[in-house]
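A.B. asks: Position one of the sequence shown corresponds to residue 1 (my numbering), numbered consecutively onward.
Some hints here could point you the wrong way.
[Unchecked claim] The calculated SDA-like cross-link candidates involving lysine to any residue, where the alpha carbons are at most 25 Å apart (straight line), are:
hint, residue 1, residue 2
1, Lys71, Pro122
2, Lys47, Gln185
3, Lys47, Gly247
4, Lys72, Asp280
5, Lys15, Gly28
6, Lys47, Met199
7, Lys71, Arg132
8, Lys71, Asp305
9, Lys15, Gly247
10, Lys72, Ile166
11, Lys71, Tyr307
12, Lys71, Pro123
13, Lys71, Glu265
14, Lys72, Ile303
[Said to hold, decoys possible] Okay, the calculated beta carbon distance ranges per label pair:
hint, residue 1, residue 2, range
15, Glu265, His16, 19 to 27 Å
16, Arg130, Glu50, 19 to 27 Å
17, Gly59, Phe283, 54 to 62 Å
18, Gln312, Phe225, 48 to 56 Å
19, Ala147, Arg314, 38 to 46 Å
20, Val155, His19, 40 to 48 Å
21, Glu341, His16, 52 to 60 Å
22, Arg130, Thr49, 32 to 40 Å
23, Gly97, Asn14, 36 to 44 Å
24, Arg314, Pro104, 24 to 32 Å
25, Thr49, Arg311, 45 to 53 Å
26, Met229, Glu98, 25 to 33 Å
27, Ser224, Cys36, 14 to 22 Å
28, Ala57, Asp340, 29 to 37 Å
The hints are simulated quantities; they were obtained by calculation from the structure and are not laboratory data.
Each residue gets a CB set at the ideal place from its N, CA and C atoms; glycine is no exception.
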Amino acid sequence: MKADRPATTRSRYNKHTAHLYAVMGGDGYAGPVAQCHEVNVWPLLEKVTERWDAVQARGGGTPEHYSDWTKKRDTEAADTVSRACRDTIQWMACWCGERFDADPLGLHYIAFATVIDDICIPPLDLVQGRFRMYGRSVPDLVRAMDAAGWGRDAVHALLSLVRQAIVQYAEKMDFPPGDEHVGLQAALNDSPNMWDGVMFRGNTGNAYGTAIMVARNSATGPVSFPWLMDSAICDCLSMDLCKSALGIYSTDDHQPTSSTHRADERKASYRSIYLDLIDDLVFAGAPEPLVHFGRSGFLFVQIQDRYQERRQGRRFPLAPPMLRELERLFGEVPTDEWLDEAFTAANRIRLAGSHGHTRAQEVEPPHRLHPSVPQETRATRLPA
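All chains should be built: construct the whole structure from the sequences, respecting the hints.
C.D. replies: Here you go:
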């Protein structure tokens, strides 16, 4: 459906210009790509839990709860939590400009969604309130949203957060695939089309819940479910496309486009799904803030500390202006004693300087969303 007067202009990087950029995959648009599911994810998640049970029954070890997944050499949980909140502020500024602080509840929500990516947190610890940031828990967030009259927005956002917590946990706790089983990501990446990987990618990043925060913070008024979903998917894809162009995507532990035999085809489909959906948003008349959210990965990957830290494998100091914003919007103390101890215990081998306990190989082969540009192989430090 085309709007009589779109709320924003078409992206300059589109189906008709994509072939001009080798760094984005020189073959250009390869769509339309089927937007249908071929894989039922829930049985795959159940197989992950079956593998945990089998290993524990044999007396073996499973990946540690509260292990560090940032690859930035964090020595304390406070480092990880404070930077997750810093990233949240920077993202919201990229998405909403000077309205980044219009509703602190939205910031607190996105901070929880961010830290789930950075630390291996058991979902029940999250929803039951054991895990806290700056003294707040997810149940605290639920009560605050209810008191503020969020209604259906809160229901959709919180269910999306729970889904993210489950799939992130399964992803982190899964074992590397081998002769005895096919891993979660390998099974997804064996799908005949790219849509299953795209949707799982969006769920692990909780882009749908984040899109709700952006719409509320931007005062768009009522928006449709397709607008929110298309915007959310495009946000993830534009991020990965930019990460690929800058050489950051290859350090990701879980890459939706990886495939033993069909990697180039999957990369072309990944790009083309973005080009389809961003056009759909524009021509259907979606509000400018949601269209901008979908495109924003091309902006925030370039300028946010999170991604430059990923390239360098180390943290940057928090600048005084950011420290003031963190205190104003989140509080003074990022973590409590319980979380500090759990984080240190989970990462004790890495913090001691040992490389004897890793979940996978120390060096990953380069993997980009485009095949034409070579990249130097980078060492990746996996969690202890």
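A.B. asks: Which of the listed hints are not met by the structure?
C.D. replies: 3, 4, 13, 18, 22, 23 and 25
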